[in-house]
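Residue numbers (the numbering used here), protein chains in the order written: chain X, 1 to 316; chain B, 1 to 105.
Hints listed in this document are in silico derivations from the structure and should not be mistaken for laboratory results. Do not take every clue at face value.
Here are the computed lysine-lysine pairs in the BS3-like style, where the Cα-Cα straight-line distance is at most 27 Å [as the list claims (entries may be wrong)]:
#1 X:Lys117 to B:Lys84
#2 B:Lys92 to X:Lys125
#3 B:Lys65 to X:Lys212
#4 B:Lys97 to X:Lys98
#5 X:Lys98 to B:Lys92
#6 X:Lys4 to B:Lys81
#7 B:Lys46 to X:Lys169
#8 X:Lys145 to B:Lys65
#9 B:Lys46 to B:Lys81
#10 B:Lys78 to X:Lys125
#11 X:Lys212 to B:Lys78
Here's a subset of chain B near chain X, in silico, CB distances under 8 Å, partners left out [as the list claims (entries may be wrong)]:
#12 Tyr66
#13 Ser70
#14 Thr73
#15 Ile87
Backbone N, C-alpha and C define an ideal beta-carbon position, used for all residues, glycine too.
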Amino acid sequence: MENKVYDLIIVGAGPAGLTASIYASRYGLRHLVIGSQEGGALSWAAEVENYPGFKKISGLDLTNKMVEQVKTLGAEVLAREVVSIEKKDGIFEVRLNKNQFFQSKTLLVATGTERRKLDVPGEAKYLGKGVSYCTTCDGNFFKEKAVAMVGGSNAAALGAYYLSEIASKIYLVYRRRPLRAEPFWQERLREKPNIEIIYETNVIEILGDENKATGVKLDKAYQGKKELSLEGVFVEIGGFPGTQLVKALGVELDEGGFIKVTVDMKTNIEGLFAAGDVANTTGEFRQIVTATAEGAIAANSIYKYLKGGQKNEGKS
Amino acid sequence: MQLDEQNFEEEVLKSNLPVLVDFSANWCGPCQMAGPIIDQLAEDYKGKVKIGKLNVDESPQIAQKYMVMSIPTVIIFKNGKEIKRQIGFPGKEGYIKILEESLKS
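All chains should be modelled from the sequences, with the hints used to inform the complete structure.
Structure representation (structure tokens):
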């Protein structure tokens, strides 16, 4: 069993966690990154056009570049799922399973968000049989078919735009009006004749023939019909914070369930820091660039904390 | 092992060992994460379970036949029949879990 105590363990290998690792390496902190998916939500993005330095890059390519930079600097990235985190005598214990755990003086939670589901009948039944949460993974299965994209954010707009090159027809179904997506995206969607936006409408059921999805039921009629016939339903309605692991430590959350942090990414728990989408810093504005920034700030803050033995203030 | 439309019947459906087939493609982020884990498991389960990868771009008919509409998906076949299916990337533990379950069944 590993008996060394790391300076820092970063849980989450998305942009926040990876950036924190880059800075931690440069500060000479002995640390470990553990994350079940390198890149996190970023790795799913078809294309990224708002991360400085890259006019256009796929989420997967950007992820790989970040991971490469992290590893070049000497950090370990473990592609594993953490099952529990405990704090004993001021030391964090991060467990991968019954027999394997790692210990550290500080912990950075950069676990991002988990995909929100529609929570309607038929959704679970037709998962992978028409229902998808990953446009880049599954878009190609719907060549020349009609699909729905549920959501109104940048991610939903990007997904619909990406699908417009593959599917014959895309219904973008959003519960509000107008879209939450940037004007940039709204304009791009207008250029696509095969995208139709249905506003102020909810999908209330996924219909199917037992083998696969065949349509969706809406809560109000669109062009006289409450049902749309289609084969794919993509769900892009944001996420809920991945705080399950740290709740038991008594970390303070805001009303939305995001981790409360100070401007230097401290939580109310001594030695515990949070950064990226899981932290309550930027409201609904959750970007790669805000995650990386927070990761860097957190690493700096952790470095100072370890060096000075400072206490977490616990004020947010 | 790389599976395709040519060797699928021989290597999967006629196999004496159970076979785990990983349906994936280059453009799928989570599939790229699963890839190295699948390779590792192929080593770990040598002699117990045959583990192969199938590129859905190169073998669309097989993906269609087994109604794979989401990747990564793994299907475990035993005696030519599907006995387990995992849709999405469950992490290494998730794959181990279904492998162990399929060895017991």
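So, going through the hints one by one against the coordinates:
Using a Cα cut-off of 27 Å, the hinted pair lysine 117 of chain X and lysine 84 of chain B holds, with the two alpha carbons roughly 24 Å apart. For the hint linking lysine 92 of chain B to lysine 125 of chain X, the alpha-carbon distance of about 24 Å falls within 27 Å, and the restraint holds. Restraint check: the Cα-Cα separation between lysine 65 of chain B and lysine 212 of chain X comes to about 13 Å, which is no more than 27 Å; the hinted pair holds. Between lysine 97 of chain B and lysine 98 of chain X the alpha-carbon distance is near 15 Å, which keeps this suggested pair within the 27 Å criterion.
Taken as a hint, the lysine 98 of chain X and lysine 92 of chain B pair is honoured in the structure, with Cα atoms around 15 Å apart against an allowance of 27 Å. For a cut-off of 27 Å, the pair hint linking lysine 4 of chain X to lysine 81 of chain B is broken: about 47 Å separates their Cα positions. With a C-alpha separation of about 45 Å, the suggested pair lysine 46 of chain B and lysine 169 of chain X falls outside the 27 Å cut-off, and the hint is violated. Between lysine 145 of chain X and lysine 65 of chain B the alpha-carbon distance is near 18 Å, which keeps this suggested pair within the 27 Å criterion.
Of the supplied pair hints, the one linking lysine 46 of chain B and lysine 81 of chain B holds, its CA atoms being roughly 20 Å apart against a limit of 27 Å. At roughly 24 Å between alpha-carbon atoms, lysine 78 of chain B and lysine 125 of chain X fall within 27 Å of each other, so this suggested pair holds. With a C-alpha separation of about 24 Å, the suggested pairing of lysine 212 of chain X with lysine 78 of chain B holds against the 27 Å cut-off. Given the 8 Å rule on beta carbons, the hint for tyrosine 66 of chain B is violated: about 11 Å separates it from the nearest Cβ of chain X.
Here the hint on serine 70 of chain B is kept, as its CB sits about 4 Å from the closest CB of chain X, short of 8 Å. Below 8 Å, beta-carbon pairs count as interface contacts, and threonine 73 of chain B has one with chain X at about 6 Å; its hint therefore holds. Satisfaction of the interface hint for isoleucine 87 of chain B is found here, the shortest Cβ-Cβ separation to chain X being roughly 4 Å, below the 8 Å cut-off.
The structure shown violates the earlier hints numbered 6, 7 and 12.
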